[in-house]
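Colleague: Chains as they are written, first to last, in my numbering: chain A, 10 to 345; chain B, 10 to 345; chain C, 10 to 345; chain D, 10 to 345.
Simulated from the structure, these hints should not be mistaken for lab results. One or more hints might be untrue.
No distinction is drawn between identical chains; accordingly, a pair holds when it is met within one copy or between any pair of copies.
What the hints assert, rightly or not - The list that follows gives simulated cross-link-like pairs (lysine-lysine, BS3-like), each with its CA atoms no further than 25 Å apart:
| hint | residue 1 | residue 2 |
| --- | --- | --- |
| 1 | Lys-226 | Lys-216 |
| 2 | Lys-57 | Lys-174 |
| 3 | Lys-14 | Lys-99 |
| 4 | Lys-152 | Lys-216 |
| 5 | Lys-99 | Lys-145 |
| 6 | Lys-48 | Lys-300 |
| 7 | Lys-200 | Lys-324 |
| 8 | Lys-126 | Lys-96 |
| 9 | Lys-99 | Lys-52 |
| 10 | Lys-300 | Lys-174 |
| 11 | Lys-99 | Lys-226 |
| 12 | Lys-14 | Lys-300 |
There are 4 protein chains.
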Amino acid sequence: MAELKIGLVGTGTIGRTHIERINTRLQGGRVIACADVNKDFGKSVADKFGIRAFDTPEELIHDSEIEAVIVTAADAWHAPFVLEAIKAGKPVFCEKPLSPTPELCKEIVEAEVAGGKHLVQVGFMRRYDPGYGQLKSLIESGKYGAPLVLHCCHHNYDDGGIGWKTPMSVENSMIHEIDCLRWLLGEDYAKVDVVFPRSSRNAGDCKDPQIMHLTTKSGTYIEVESFVFSHYGYDVRCEIVCEEGVLNLPEPPYAMVRTNDARVTPICHDWSERFPEAYNIEFQNWINASKEGRVDGPTAWDGYVAQIAAGCASKARDTGVSVDIDIPEMPEFYQK
Amino acid sequence: MAELKIGLVGTGTIGRTHIERINTRLQGGRVIACADVNKDFGKSVADKFGIRAFDTPEELIHDSEIEAVIVTAADAWHAPFVLEAIKAGKPVFCEKPLSPTPELCKEIVEAEVAGGKHLVQVGFMRRYDPGYGQLKSLIESGKYGAPLVLHCCHHNYDDGGIGWKTPMSVENSMIHEIDCLRWLLGEDYAKVDVVFPRSSRNAGDCKDPQIMHLTTKSGTYIEVESFVFSHYGYDVRCEIVCEEGVLNLPEPPYAMVRTNDARVTPICHDWSERFPEAYNIEFQNWINASKEGRVDGPTAWDGYVAQIAAGCASKARDTGVSVDIDIPEMPEFYQK
Amino acid sequence: MAELKIGLVGTGTIGRTHIERINTRLQGGRVIACADVNKDFGKSVADKFGIRAFDTPEELIHDSEIEAVIVTAADAWHAPFVLEAIKAGKPVFCEKPLSPTPELCKEIVEAEVAGGKHLVQVGFMRRYDPGYGQLKSLIESGKYGAPLVLHCCHHNYDDGGIGWKTPMSVENSMIHEIDCLRWLLGEDYAKVDVVFPRSSRNAGDCKDPQIMHLTTKSGTYIEVESFVFSHYGYDVRCEIVCEEGVLNLPEPPYAMVRTNDARVTPICHDWSERFPEAYNIEFQNWINASKEGRVDGPTAWDGYVAQIAAGCASKARDTGVSVDIDIPEMPEFYQK
Amino acid sequence: MAELKIGLVGTGTIGRTHIERINTRLQGGRVIACADVNKDFGKSVADKFGIRAFDTPEELIHDSEIEAVIVTAADAWHAPFVLEAIKAGKPVFCEKPLSPTPELCKEIVEAEVAGGKHLVQVGFMRRYDPGYGQLKSLIESGKYGAPLVLHCCHHNYDDGGIGWKTPMSVENSMIHEIDCLRWLLGEDYAKVDVVFPRSSRNAGDCKDPQIMHLTTKSGTYIEVESFVFSHYGYDVRCEIVCEEGVLNLPEPPYAMVRTNDARVTPICHDWSERFPEAYNIEFQNWINASKEGRVDGPTAWDGYVAQIAAGCASKARDTGVSVDIDIPEMPEFYQK
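Given these sequences and hints, build the entire structure.
Modeller: Right, here's the structure in full:
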């Protein structure tokens with residue numbers, strides 16, 4: 010079957026990583042063009058990869074050669090370009106968040122439903138990590154009973170360099186758990202609160218760590234700890250206490266060394282080491298599904314629901330009280 | 010130096026275990042007599058161990074041959090017998106709780122202070138577990154910065170047999186963490202709440218698991234999960250997230266077996282397998298200190314403070330709201 | 010760049026796996042045709058994958074459309090088809106062994122050198138496992154000093170079904186370690202012996218386990234344990250005792266479950282679960298290198314040397330005495 | 010029951026450690042006197058512990074107040090003092106080796122048998138380590154079938170300070186495995202060889218590491234690696250490959266710390282940290298058994314057999330060839 014001809018909009022770091030990945034490691038698709046709101050920069054990236062440059066994202070999206078679109082522009086630009094792709098009737102992969110604004114997410118959902126074609130996938134890549142896949146299989150096996158409590162953490166080594174702000178812990182970091190755990194448990198959230206433990210001396214003006222407690226509709230209780238300035242490594246963990254067993258996300262496979270009076274097993278230093286396989290699987294699946302006219306990853310609806318929950322979590326964080334999460338009924342269009 | 014002559018009051022299971030331990034495994038002390046509120050039963054236990062029987066606990070406590078007292082009677086009897094031992098001016102080891110009633114704990118504290126001699130030790134044996142000792146050393150080394158968040162769990166295999174009730178999770182199980190973590194962190198609690206996740210189908214009428222959140226005065230945030238009907242093993246864990254490292258309580262050392270497509274390392278089945286060494290160290294230390302007129306374990310003050318905190322946790326559990334923990338100022342008598 | 014057009018010779022299980030892998034998961038190459046000595050069977054496989062069938066391997070190898078060849082025929086056919094590909098001047102990937110007969114391996118080496126083009130790669134895929142790659146990096150870092158002793162094991166669950174014979178432990182199983190450890194250590198072997206411990210009651214007529222001891226020219230001592238009927242899992246391990254540290258091959262990343270009084274982490278059940286990533290990397294690298302006229306994997310020389318060493322090990326096994334391994338000097342052609 | 014009155018002969022480091030252990034941690038026995046071939050030194054040690062000093066070991070052994078004897082003199086003095094204790098009809102605990110000379114071990118055996126009373130225990134303390142106890146239980150459960158291969162290692166951090174010589178690896182280090190594995194497997198050895206891998210640059214003039222291969226009468230194959238200058242820690246491991254499972258000696262329970270991009274779990278730095286519990290159990294058992302007129306630890310026969318095997322291993326090491334181990338028939342006296 011011919012290769013899927015992909016155009017990418019937004020040529021920042023993550024966008025370039027995706028071009029590199031698709032064009033050198035995956036199969037059945039190729040990024041043949043790119044565009045950026047900064048036209049000259051977009052052109053320089055196109056030259057680097059030997060692909061075509063468009064003057065504007067809109068031209069790229071509507072060009073007849075382009076069969077599918079990847080949106081890796083700045084967050085605020087996600088919704089406009091996704092809507093444009095829906096208008097063009099083309100499969101579109103949008104990095105998370107679908108939009109920081111739940112209303113715009115809703116607009117995308119409505120546009121997609123109105124168009125009647127499944128087109129939008131959101132870049133919640135953690136669903137594709139084989140470790141989370143193992144956890145999902147273990148839960149679904151029923152062998153250990155229902156999940157009752159989850160303990161999750163998301164630790165970064167040190168994000169001082171990128172101007173981290175207190176709200177980003179929910180909105181940029183724990184948003185991954187918000188989507189992934191909902192997918193893992195197969196149910197929506199009912200309630201959220203956020204607490205601030207004692208802050209680290211390394212966190213500057215930020216409140217860090219932060220702990221978010223999510224409760225699902227059936228009462229499963231989830232604790233997510235985000236610790237951005239943890240100063241020891243990039244460490245994502247997930248433990249699921251079930252009725253008759255406790256499940257743990259596997260740690261990445263590193264060689265253990267006996268040295269200096271200790272057994273020492275590496276932890277990732279930063280995010281780029283932790284999920285390369287998840288990204289590979291995510292994009293390979295997206296290419297395959299796009300060619301068959303399907304969306305089998307996180308949908309626009311998932312993107313919308315994640316932003317509703319994140320919005321409630323932000324409100325809970327700012328007010329210091331628990332907030333109910335009210336998820337509208339899912340349109341029939343998204344039922345599997 | 011001569012052996013410490015010990016009398017034991019309350020000859021139930023735990024009392025008999027202590028006699029066995031002291032008289033066959035430890036050094037420098039000997040249980041030479043016992044008594045029980047059920048006089049005939051106390052006599053039968055005395056016969057079994059070949060030791061002297063007293064008709065009443067009071068007679069034992071005041072007998073001139075008895076140099077130190079162990080109280081392992083029913084909880085409600087702890088305070089009266091401890092007070093009697095203080096009156097007799099004798100070292101007394103009291104199983105936890107010092108008393109279920111904080112007011113009686115306070116009375117004991119006042120009697121001990123008035124007497125001017127350090128006499129009372131409370132049976133919080135977890136402080137003597139070498140694993141917790143390692144955690145305390147690691148914290149005090151300062152190498153990893155201040156503790157910010159603690160994740161603790163206390164899972165039992167199945168307590169159906171002993172008539173478990175919902176309040177017991179705080180009062181009989183998590184009371185261990187209440188004392189031990191305060192000792193570990195070296196500071197008092199400021200606030201507590203208790204939440205009920207979805208209950209296990211194996212928990213009958215009980216709400217199980219339960220999660221208690223304690224906040225210390227400096228803001229360290231502690232999550233303790235008690236899951237009494239966990240149906241997989243007796244499992245006590247403690248993870249301490251510090252500013253520059255995460256510390257973990259060691260797991261008991263069991264042989265790992267590769268079998269049936271898996272690496273399998275045993276977990277304790279019940280409490281009796283988990284802390285034998287802690288009990289040995291606890292009583293050896295108590296015997297040694299008693300002979301030198303010191304108390305170097307958990308004091309009456311520690312027993313009192315634990316009951317205040319447990320009382321607040323129970324109130325938080327029953328009301329569903331966070332409760333402030335107000336600890337009175339520690340008498341100078343107990344300063345080290 | 011255009012896709013590399015690949016023809017595959019020998020359409021048994023492993024051959025079909027390679028077609029599937031290259032045509033659905035990898036990039037830059039495509040198996041466009043196949044042939045088998047059983048012409049009809051070859052044709053049926055071609056139909057299944059929608060690719061072209063040739064009547065004979067020779068026709069395939071010499072067809073002008075075919076740019077590179079994969080040989081997955083029965084072992085005895087490896088050498089003839091590889092020689093044919095050299096004659097045709099085409100890159101050829103040959104499953105291990107290059108040939109069971111060292112003399113034929115030598116003939117291939119001589120043909121390749123005479124042709125003056127680097128064309129032959131042997132399917133020692135374990136070099137591509139990321140875990141072994143980590144070990145190689147750790148050794149080459151020099152941080153732990155020179156490797157002194159290696160402890161390796163290769164355990165299979167149960168190979169009763171495929172008619173295992175005693176000699177196969179060296180020739181089909183430990184041959185992987187023979188190649189991989191030579192690559193890992195970067196030096197040739199000097200000596201080998203093979204011992205038979207007590208055999209398992211599950212091993213039927215076979216002598217199983219077997220232990221092979223290899224000594225390298227610098228004196229590094231290697232113990233390889235092959236246990237084909239281990240009855241517990243597919244388990245490949247490698248521990249390297251260096252002058253100042255001990256390195257361990259990582260175990261595959263599986264979710265650990267606390268259940269039934271134990272912590273349980275899965276082990277692979279069979280080989281197909283253990284090295285999928287190594288196979289992906291191996292073939293992707295081969296495709297990339299072939300398009301650039303390079304061979305950057307195990308060469309014909311490596312295949313030849315492995316067979317010499319395996320031959321000595323077989324002799325050592327049959328005679329019960331240590332055998333010197335005499336490796337001819339490597340032709341300049343193969344120097345990097 | 011009254012305390013066992015113990016006299017200790019040989020007041021070097023290990024002797025003083027035993028006095029300390031028995032007199033402050035164990036129960037039912039007390040070292041009440043000591044003696045040393047250096048009379049003044051023995052007296053100074055006696056003063057330090059507040060116990061009685063004898064002018065000579067012989068006087069101590071025959072003094073009517075002394076009920077049991079511990080021999081911790083220099084190796085060459087073990088046999089004479091043990092024979093003296095047998096003459097005196099008193100229980101005697103002798104540090105390993107019973108004697109470096111198998112003939113003297115035999116003489117002790119004959120003297121004990123002639124005397125008709127079980128009196129001699131040898132200080133092979135590793136049998137009392139709870140981890141080895143777990144391995145023995147697992148083997149004896151029969152659940153995993155017969156043991157086929159054992160992989161053992163005995164690594165020291167750095168023994169440069171004590172004038173290590175090449176022969177000591179067998180005679181002072183692997184002698185522990187020689188006794189312990191025979192006990193673990195419940196059978197005698199048939200054959201031994203010793204090989205020298207490439208030596209560490211840290212080993213000075215010594216050949217280090219060394220690998221000893223023992224074969225039992227039933228064919229179980231044992232590899233013991235001694236690496237005295239390992240420069241990373243004190244590390245004793247034992248892996249037992251059975252017909253249907255692989256058993257591993259547990260590692261000591263240390264707190265795991267996530268720090269510096271790694272999970273770090275301590276290894277012991279030296280022997281004193283590794284086996285304290287084994288020593289406690291060993292001496293408590295010896296005291297208890299001595300009071301009841303039994304020997305339930307390693308016997309004079311075990312001490313004799315260990316020296317025969319060690320002698321064969323030394324010969325194998327020096328000659329470079331495999332040596333048969335010929336164990337005489339065990340006297341009925343030692344049958345359990």
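Colleague: Take the hints in turn and mark each one as holding or not.
Modeller: Consistency of the hints with the structure:
Taking the shortest Cα distances, Lys-226 and Lys-216 sit within 25 Å of each other only across copies (17 Å), while inside one copy they are farther apart (29 Å). Taking the shortest alpha-carbon separations for Lys-57 and Lys-174, neither the intra-copy value of 33 Å nor the inter-copy value of 56 Å comes in at or below 25 Å. Taking the shortest Cα distances, Lys-14 and Lys-99 sit within 25 Å of each other inside one copy (11 Å), while across copies they are farther apart (31 Å). In this assembly of identical chains, Lys-152 and Lys-216 lie within 25 Å of each other by CA distance solely across copies; the values are 22 Å between and 40 Å within a copy.
For a Cα distance limit of 25 Å, the shortest separation of Lys-99 from Lys-145 qualifies neither inside one copy, at 31 Å, nor across copies, at 46 Å. In this homomeric assembly, Lys-48 and Lys-300 never come within 25 Å of each other (Cα to Cα): the closest approach is 29 Å inside a single copy and 34 Å across copies. Taking the shortest Cα distances, Lys-200 and Lys-324 sit within 25 Å of each other both inside one copy (12 Å) and across copies (22 Å). Taking CA atoms no more than 25 Å apart as the test, Lys-126 paired with Lys-96 passes inside one copy only; the shortest distance there is 11 Å, against 54 Å between copies.
For the homomeric pair Lys-99 and Lys-52, the shortest alpha-carbon distance inside one copy (23 Å) is at most 25 Å, but the shortest distance between copies (39 Å) is not. In this assembly of identical chains, Lys-300 and Lys-174 lie within 25 Å of each other by CA distance neither inside one copy nor across copies; the values are 40 Å within and 48 Å between. In this assembly of identical chains, Lys-99 and Lys-226 lie within 25 Å of each other by CA distance neither inside one copy nor across copies; the values are 35 Å within and 56 Å between. In the homo-oligomer, the alpha carbons of Lys-14 and Lys-300 lie at most 25 Å apart both inside one protomer (10 Å) and across protomers (23 Å), since each shortest distance falls under that limit.
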